[in-house]
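If you're matching them up, the sequences are chains P and Y in order.
In case it helps, our numbering puts the first sequence at residues 13 to 316.
In case it helps, our numbering puts the second sequence at residues 13 to 316.
There may be inaccurate statements among the hints.
Each pair may be met inside one copy or between any two copies, as identical chains are not told apart.
What the hints assert, rightly or not - Straight-line alpha carbon distances no greater than 27 Å define the calculated DSSO-like cross-link-like pairs of lysine-lysine that follow: (1) K250 to K159; (2) K157 to K106; (3) K30 to K106; (4) K157 to K30; (5) K206 to K157.
These aren't lab readings, by the way, just hints derived from the structure by calculation.
There are 2 protein chains.
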Amino acid sequence: MNTETRLQDEFPTRLERKVEMFQRLDPVVHTPEERWAEGPLSEERVREFDEKGFMFFESFFSQDEMDGFIRELKDYEDDEDLKVSEGTILEPGKEEIRSIFGIHEISERFDRLTRDPKLLAMVKQLLDSDVYIHQSRINYKPGFKGKGFNWHSDFETWHSEDGMPKMRCLSCSIVMTDNNEFNGPLMLIPGSHKNFIPCVGRTPENNYKKSLKSQTIGVPDDRSLQQLMDEGFIEAPKGPAGSLIVFECNTLHGSNTNMSCWPRSNLFFVYNSVHNTLVEPFCGNKPRPQFLANRKNWEPLKPV
Amino acid sequence: MNTETRLQDEFPTRLERKVEMFQRLDPVVHTPEERWAEGPLSEERVREFDEKGFMFFESFFSQDEMDGFIRELKDYEDDEDLKVSEGTILEPGKEEIRSIFGIHEISERFDRLTRDPKLLAMVKQLLDSDVYIHQSRINYKPGFKGKGFNWHSDFETWHSEDGMPKMRCLSCSIVMTDNNEFNGPLMLIPGSHKNFIPCVGRTPENNYKKSLKSQTIGVPDDRSLQQLMDEGFIEAPKGPAGSLIVFECNTLHGSNTNMSCWPRSNLFFVYNSVHNTLVEPFCGNKPRPQFLANRKNWEPLKPV
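For reference, chain P alone in the conformation it holds in the complex (with noise of 0.2 Å):
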């Protein structure tokens, strides 16, 4: 590492001890405030995402823009050779696939999603840059088996172990299965994304071949968590197949188990900022796998 891309850590976690959360020190909106209702998206939802971190569009994409992806997913579903595949996570213990990484780059079709035309200029509206690509992925949940994610913040992992310097960056959740309240919809804390919460101990290399089944480090201390939700609650939108949700890259958010017989997958594209790219780890280990963290093309995407 030279000392060009040697950053100052402004976002310090897996400590060895308890510091207290502290207010985000990067714009949510990156677009001055001044320029909010030049659109695409109103300056009311531009202000909603400011506040509570997050966003949701009903039906988004229709039933049948999405009926192809989900043709395409069923296939993989079935798809041996990708069970065994780098990017391919599979349940703890199970023979289930519970992520595919890096999607877009298996599939032309999902590849060609990410330059959506109104999915990009919404994002580059918040961002106010250029964007590309950090990570793409599906996460499952069948009936009956599918199992959770504990609370955390995206981007205390991506700034940790992927060297993501700051909060210029954001997720797309598209659902792909109708989410409903028992199927382990995704839940969001508003106005979380507010805070940084500094997480305790040191992350062990190759820490993501456990974390992704089932994250133990970097996850926020029960106080901070406990604090967040009494004054903001906890939010869980639901809707039909082509619904989207927009949430802020420090946004803590988790997901129950699906006790439903009803399978849930959502389809989660990372923007980040052109100028907010990856340098070494801030944790110090070495950088984590390309599907996990794109560090080969930074190139700005083009709407299709």
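Using the hints, position chain Y against chain P.
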């Protein structure tokens, strides 16, 4: 077991091979339909219970009435003697209390609550007879760590492991802390009480020592569950402390992990008809302990 108490097993379960679910033989509401309007429940509510297998009353008891109970519960949480009592079930692998059985025998206050005139009149209307307490319990779900309960029919266990002959029994679940979408509220499948699902697998002796932590014997198969969920969906009634869920002994129910910071405690009183007292367990094992299945005191409850 003498021949007088040997009844025909109308609900065979814990079998070697899968047998399809079949219609329940017993009425849901035992009062004949022409007397449903006699009260205290309205005919409409009686019909709701008959069709869905449960009903919900927001703030059935006032917050004032609840406060005393909640204070008493807090004392129990810190009671080390109670932690090692036979009726106290700890979380799998943990030191935290999951359930306290026989709460109405421990506490004069909870004993009186089982004989609350409003509660008792309603129960007797639905079961059309005098009743006694078959079982009572508190289920705790502390914030962040309270585990859930798999889908099950109480009657399936009470019949096979406790020798309850017929479906003439119901549970009153009183919400001791506010129940919301995120602290693992009780989930029920509307209409599921109309079918009996025979389960596969012999019952080990002392099965309860395991099943009360995590149930694996006597759980309905995924295919039957899916059919009933597709027909009736799932409901999870929510409300403030003092709210009440009345559900039929064969209604399928379960609950998810509490991922919120807000603890959830529910109180359960199981009322059985005095015409439905226990015989020898139909699974052929020795009876479970008194704290799980009352075999000693079948005196009709009198309102306080």
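Results of checking the hints against the structure:
{"no.": "1", "hint": "K250 to K159", "result": "both (18 Å within a copy, 23 Å between copies)"}
{"no.": "2", "hint": "K157 to K106", "result": "both (10 Å within a copy, 23 Å between copies)"}
{"no.": "3", "hint": "K30 to K106", "result": "between (34 Å within a copy, 24 Å between copies)"}
{"no.": "4", "hint": "K157 to K30", "result": "between (35 Å within a copy, 21 Å between copies)"}
{"no.": "5", "hint": "K206 to K157", "result": "between (34 Å within a copy, 25 Å between copies)"}
Going down the numbered hints, you'll see the structure goes against none, and every one checks out.
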